[in-house]
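Engineer: My request is simple: use the sequences and hints to build the entire structure.
So the sequences go chain by chain: A and B.
Note that the first sequence ends on residue 292 in my numbering; no numbers are left out.
Note that the second sequence ends on residue 280 in my numbering; no numbers are left out.
No lab work stands behind these hints, which were simulated from the structure alone.
Fair warning: this is a prediction, and the values are worked out from it, not measured in the lab.
Careful, some of the hints might be misleading.
Taking lysine-lysine and the DSSO-like style, the derived pairs with C-alpha atoms no more than 30 Å apart in a straight line are [unchecked claim]:
1) A:K285 / B:K109
2) B:K102 / A:K285
3) A:K212 / B:K165
Derived Cβ-Cβ restraints for the label pairs, each shown as a range [said to hold, decoys possible]:
4) B:D54 / A:G91: 40 to 46 Å
5) B:K266 / A:G87: 22 to 28 Å
6) A:M208 / B:V263: 32 to 38 Å
7) A:I21 / B:D54: 53 to 59 Å
8) A:G24 / B:K165: 22 to 28 Å
9) B:T221 / A:I21: 22 to 28 Å
10) B:N70 / A:M208: 51 to 57 Å
11) A:L55 / B:I258: 49 to 55 Å
12) B:P240 / A:D56: 31 to 37 Å
13) A:P241 / B:N70: 33 to 39 Å
14) B:F76 / A:Q99: 44 to 50 Å
15) B:K266 / A:I21: 28 to 34 Å
16) A:P147 / B:I29: 21 to 27 Å
Ideal Cβ placement from N, Cα and C applies to all residues, glycine included.
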Amino acid sequence: MNNIKDNQNFVAYLFLAPAFILLGLFLIVPATLAIYYAFTDYYLLTPGDRQFIGLDNFIEVFKDPIFIQSLKNIMIFVICIIPIQVGVALGLALLINKQRRGNIFFKVAFFSPVVLSLVVISVLWLYLLNPSEGLINSLLVNIGLDPQPFLSSPNQAIYTIVFVSAWQGAGYQMLIFLAGLQNIPSDVYEAGKIDGVNRWQKFLYITMPLLKPTSILIMITTLISAFKLIIQPMIMTQGGPMNSTMTPVYYIFQTGFTDRMIGYSSAMMVTFGILIGIVTFVQSKISKEDEF
Amino acid sequence: MNKKFKKTIEYLFMLFLACIFIFPLIWMIVSSMKPEGEIYVDMGGIQALLPSMDPSHWFETYQELFSRFNIIQYLFNSVFYAVMITAGSIVVNAMAGYSFAKFEFKGKKILFGLLIALLIVPAETILITQFTVAHSLGILNTRLAVILPLIANMFFIYLFRNFFKAVPDEIIESVKLDGANYWTIFWKIMLPMSKPAIATVGTLTFILSWNDYLWPLMVLTDTDKLPLQVAITNINTTEPVFTNQVMAILTLSTIPLIIVYVVAQKYLLQGMGGSGTGIK
Numbered sequence: 001m002n003n004i005k006d007n008q009n010f011v012a013y014l015f016l017a018p019a020f021i022l023l024g025l026f027l028i029v030p031a032t033l034a035i036y037y038a039f040t041d042y043y044l045l046t047p048g049d050r051q052f053i054g055l056d057n058f059i060e061v062f063k064d065p066i067f068i069q070s071l072k073n074i075m076i077f078v079i080c081i082i083p084i085q086v087g088v089a090l091g092l093a094l095l096i097n098k099q100r101r102g103n104i105f106f107k108v109a110f111f112s113p114v115v116l117s118l119v120v121i122s123v124l125w126l127y128l129l130n131p132s133e134g135l136i137n138s139l140l141v142n143i144g145l146d147p148q149p150f151l152s153s154p155n156q157a158i159y160t161i162v163f164v165s166a167w168q169g170a171g172y173q174m175l176i177f178l179a180g181l182q183n184i185p186s187d188v189y190e191a192g193k194i195d196g197v198n199r200w201q202k203f204l205y206i207t208m209p210l211l212k213p214t215s216i217l218i219m220i221t222t223l224i225s226a227f228k229l230i231i232q233p234m235i236m237t238q239g240g241p242m243n244s245t246m247t248p249v250y251y252i253f254q255t256g257f258t259d260r261m262i263g264y265s266s267a268m269m270v271t272f273g274i275l276i277g278i279v280t281f282v283q284s285k286i287s288k289e290d291e292f
Numbered sequence: 001m002n003k004k005f006k007k008t009i010e011y012l013f014m015l016f017l018a019c020i021f022i023f024p025l026i027w028m029i030v031s032s033m034k035p036e037g038e039i040y041v042d043m044g045g046i047q048a049l050l051p052s053m054d055p056s057h058w059f060e061t062y063q064e065l066f067s068r069f070n071i072i073q074y075l076f077n078s079v080f081y082a083v084m085i086t087a088g089s090i091v092v093n094a095m096a097g098y099s100f101a102k103f104e105f106k107g108k109k110i111l112f113g114l115l116i117a118l119l120i121v122p123a124e125t126i127l128i129t130q131f132t133v134a135h136s137l138g139i140l141n142t143r144l145a146v147i148l149p150l151i152a153n154m155f156f157i158y159l160f161r162n163f164f165k166a167v168p169d170e171i172i173e174s175v176k177l178d179g180a181n182y183w184t185i186f187w188k189i190m191l192p193m194s195k196p197a198i199a200t201v202g203t204l205t206f207i208l209s210w211n212d213y214l215w216p217l218m219v220l221t222d223t224d225k226l227p228l229q230v231a232i233t234n235i236n237t238t239e240p241v242f243t244n245q246v247m248a249i250l251t252l253s254t255i256p257l258i259i260v261y262v263v264a265q266k267y268l269l270q271g272m273g274g275s276g277t278g279i280k
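Structural biologist: Quick look at the structure:
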């Protein structure tokens, strides 16, 4: 065995090299650079004048009203989207799980928004939600309600984005819930039937506990991806009105890419990256304890 | 009788739910199949969800769209990026996964630990410094800049590793006795055996790259290199904007995904977590 060991080392590294070079270039180096730039006043157009300014950027970040606002917005988004999207997905899965003619049609219908890209759903809903001539407001007027300023009102815009995002994502999670439901052995339900449980008890004491690993997995992935929200507000509202749909990732993108303030934007990257890192770490600990 | 009534109510409820999910899609497709003016005339009624009464209008919008914009070029770009990224992703991640699964080498634990740790780095938050790296590499505004960052993926390496781990060592040993080297073992034995993993990684990568928007938007300035997703937002802001043409490009950019979802549906659930959680 020993004589081929050295050879194995070399070959193993060769097989790893392409992946690690690419990960290094586009993940490790950028992450490290972000930490370094965060302590400088790097402005993209004058890279030569880059100076080390200590913690100044970070102090600025926590005083920046738009960044604070973006954190609040993303919290609202996260808190709303988890119960809505996951709840709808579970509800749909339970409905579909019942033996019924035409279920394939319903399944395809609920899943269909998943097939659209985020750019497509954003542009599409922009037209549907048009304040004066959009389909939704025409519908509201037809049934005797007032037209709503869905995307142009600071009080409604973020919730509109929650709705659109949940509408798209629920179908995919429904499929995962459905797979979880179908993995529950039928004899558990039969045993329940003998014990005389009603439908509500069946759901609460049999389905829910057995579905817990699936639910946790779905909630975690929803949580992590919700934090990275950018495309929907970018296309539908440009972060407005009055920054009510500005998200941290979008604000980082604007300061770094549009305003070219790489140093300041890096400080926000690091701050927000640490926040997401903590959330990811905590969830991995929790989910390990639950052994899923 | 009562039972029948209950069943009807249930079906009506299901239909109502289905409508909430599909009416935007239907509106998108039918609006691309009628003249601009008709869209707004129809808006108040059920006619909004039906294509133009005159079938000669159905594909007119598409003709106008193709003559106004270089749609063929955008379509080609998107397909090119998706195919290159998908092929690259399968080869590169499978190689790394194979190495972790079947080789004993110095630093294996450390490198694998690094890989797992990288899963925590939220790629969306380091877009700006990824851009400065692409700038230093001198690849801005090249097709390479769109392709390279999407190829290596920790999650897919992990997926391949688990798959290869399940392949018995005896198979490799016996081929080795026949004189095959590591490279041939990988290409001739391991890769062909891992078709389910390839299908899963391939499907997810294709969808991921087809839908990629921010990164191409950042690194590309030439319009003739743009993928469809970026072209959509351009078409949506190039005056004059016609609603029916916008809906036509949205429909066009969705068709390839429908095909992928139909063909590869069974591999999508296996790759949970990669994409499609709705928010990404």
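Engineer: Flag every earlier hint the structure violates by its number, smallest first.
Structural biologist: 12
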